[in-house]
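Number of protein chains: 4
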Amino acid sequence: MTDICNTANVSKGLVYHHFQSKNEILEKIFSDTTEQMKSISSSASKEQPVNQLLSIIEGFFSQLENDAKTLRLNLNVMFQPSTREFLHDHIKERSSILLGSVKGIFDQIDEQRSSTLSFMFIAELDGIALHYLSVFDDYPLHAIREQLLLKYQNL
Amino acid sequence: MTDICNTANVSKGLVYHHFQSKNEILEKIFSDTTEQMKSISSSASKEQPVNQLLSIIEGFFSQLENDAKTLRLNLNVMFQPSTREFLHDHIKERSSILLGSVKGIFDQIDEQRSSTLSFMFIAELDGIALHYLSVFDDYPLHAIREQLLLKYQNL
Amino acid sequence: MTDICNTANVSKGLVYHHFQSKNEILEKIFSDTTEQMKSISSSASKEQPVNQLLSIIEGFFSQLENDAKTLRLNLNVMFQPSTREFLHDHIKERSSILLGSVKGIFDQIDEQRSSTLSFMFIAELDGIALHYLSVFDDYPLHAIREQLLLKYQNL
Amino acid sequence: MTDICNTANVSKGLVYHHFQSKNEILEKIFSDTTEQMKSISSSASKEQPVNQLLSIIEGFFSQLENDAKTLRLNLNVMFQPSTREFLHDHIKERSSILLGSVKGIFDQIDEQRSSTLSFMFIAELDGIALHYLSVFDDYPLHAIREQLLLKYQNL
DNA sequence: TATGAATGAGGGTTCATTCAT
DNA sequence: CATGAATGAACCCTCATTCAT
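Protein chains in written order, with our numbering: chain A, 71 to 225; chain B, 71 to 225; chain C, 71 to 225; chain D, 71 to 225.
The reader is advised that the hints may include incorrect statements.
No copy labels: a pair is met if it fits in one copy or bridges any two.
What the hints assert, rightly or not - Okay, derived cross-link-like pairs now, DSS-like style, lysine-lysine, Cα gap no bigger than 25 Å in a straight line:
1. K139 / K173
2. K173 / K221
3. K221 / K139
4. K116 / K173
5. K139 / K162
6. K82 / K108
7. K221 / K98
8. K92 / K82
9. K221 / K82
Simulated from the structure, these hints should not be mistaken for laboratory data.
All chains should be built: construct the whole structure from the sequences, respecting the hints.
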């Protein structure tokens with residue numbers, strides 16, 4: 071809280087005037103990101119399934135580049151046991167939204183294996199996010215993006 | 071530290087007799103896991119490239135099931151900025167080991183795109199680990215394992 | 071202050087427009103109760119000393135039943151060191167008023183021991199107030215009132 | 071807590087090593103006083119009822135003089151709503167102990183009115199404590215003590 | 001090797017008060 | 001007369017670390 075207040079050049083009292091607790095701030099940031107994800111995943115429709123996948127990938131990569139800081143914070147908070155607990159519902163909602171919308175697409179491609187394929191698809195994306203945001207210093211994001219688009223184009 | 075000492079039924083003084091700091095304990099746990107990864111990745115050799123990939127996948131999934139607790143701790147510690155910093159070198163080493171050994175295999179399959187393909191391969195695995203360990207409550211780990219083996223069998 | 075403002079459905083700014091500080095509000099409440107005590111103790115006069123005592127007792131008990139909330143607040147504030155300090159003068163005034171008027175009565179009954187008897191008389195009353203307001207859940211207030219009236223009737 | 075630690079010339083950490091919370095310290099002080107009261111009230115036995123009352127009075131007054139500080143703290147804490155709550159059980163126990171032992175004596179003196187007389191007796195004592203500890207600066211404690219002993223001698 | 005009393009900087013939070021509007 | 005955003009000192013408490021034994 072001290073860091074937040076110093077960075078924002080604002081008193082602790084003011085922050086606590088607008089938020090009930092530190093966790094509430096985290097929750098707000100988190101739910102904001104969730105809203106963004108919702109709108110991204112819901113926007114892709116009517117298109118060919120493959121094109122929907124491609125646009126999800128594209129949206130994902132652009133978010134990754136533009137919102138790196140926020141996404142990194144989201145990762146931090148998600149895997150920190152203390153904060154993770156009270157974000158549980160948000161995490162659940164977020165993953166089920168994403169999984170749901172992806173599965174809706176894979177149902178049209180390969181209904182039998184759509185569930186497994188969906189899990190693998192989002193695992194691939196999250197793995198990339200993880201590596202880009204928190205593991206590798208020089209991550210070949212663009213090359214991977216192209217390769218991924220290619221891969222799903224020829225599905 | 072209090073929790074650690076209570077769980078180990080040991081005094082604080084004793085723990086500080088063996089470790090200089092809490093971070094050193096974390097570092098030990100972390101480097102132990104790194105050693106495990108090293109031996110796993112170095113053991114796969116002489117085989118056909120595809121078979122090497124398959125055995126990496128198999129090793130990965132079995133580690134995921136047998137060492138869930140440790141891996142979860144590793145994830146926690148990796149994404150917690152405070153601990154992340156002093157583990158930086160370990161994380162670097164670990165990822166370069168894994169990437170290197172995977173790239174060695176992909177070099178034999180598709181030399182031109184081997185780097186990108188390697189990144190994608192380990193992203194897929196780490197994404198799965200992430201989801202299994204920290205996101206989904208009911209993760210279809212086995213189905214995904216089979217699908218993944220199938221996918222790389224037919225490379 | 072937040073509670074006071076919410077309960078009064080009024081902004082903090084307005085309260086601070088009328089009172090300089092939280093303590094001033096407390097002081098006002100306190101001095102109001104003191105005024106009530108003054109008028110009660112001064113009204114009993116010309117009567118027989120014993121009857122004056124009886125009417126003090128009666129007034130005391132009816133106030134106890136009708137103003138429990140306010141009296142309890144007065145007790146709280148009197149024994150809270152932080153607030154006690156700035157109410158010191160009020161407390162002094164209040165106790166000397168009460169003691170004075172009671173002593174005026176006991177002077178007519180037993181001049182030699184009037185001071186001690188007065189102290190004992192008001193100690194008895196305050197002890198009852200204390201127990202009724204802050205100690206016992208089921209206090210036999212009426213039985214005690216009758217017993218007390220009886221006791222001082224036969225003085 | 072800062073004050074306590076400064077006064078005791080001890081760090082906060084140490085205090086929290088021995089007590090779980092500030093309230094636990096208060097509770098300890100409070101229950102210690104309760105124990106003292108218990109031993110005082112239980113010690114008076116086998117004697118004539120009147121003598122038992124007298125010895126309760128004497129014990130009470132000597133405690134008042136010797137432990138003024140502690141008793142004052144007890145009063146503060148008892149009437150402070152925030153602390154009062156978690157001391158509720160102690161307050162209940164304490165008052166029922168005192169009331170019980172006094173009623174046991176009055177049963178032998180005037181069985182019909184023993185309950186009311188007991189309440190009045192302890193009200194008188196608590197009123198005196200209140201005035202001595204928290205209201206009057208120059209309280210004629212000894213004169214009142216004598217008068218009270220006299221009063222109950224001739225019961 | 002083993003203990004646990006002791007430290008103190010830092011944590012999140014509260015709340016009476018101020019002030020621009 | 002009326003608002004409520006903004007302040008900051010103080011609050012209780014935690015926890016990695018030290019050190020005398």
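Quiz item: Which of the listed hints are broken here?
Solution: As far as the earlier hints go, 1, 3, 6, 7, 9 are violated by this structure, in ascending order.
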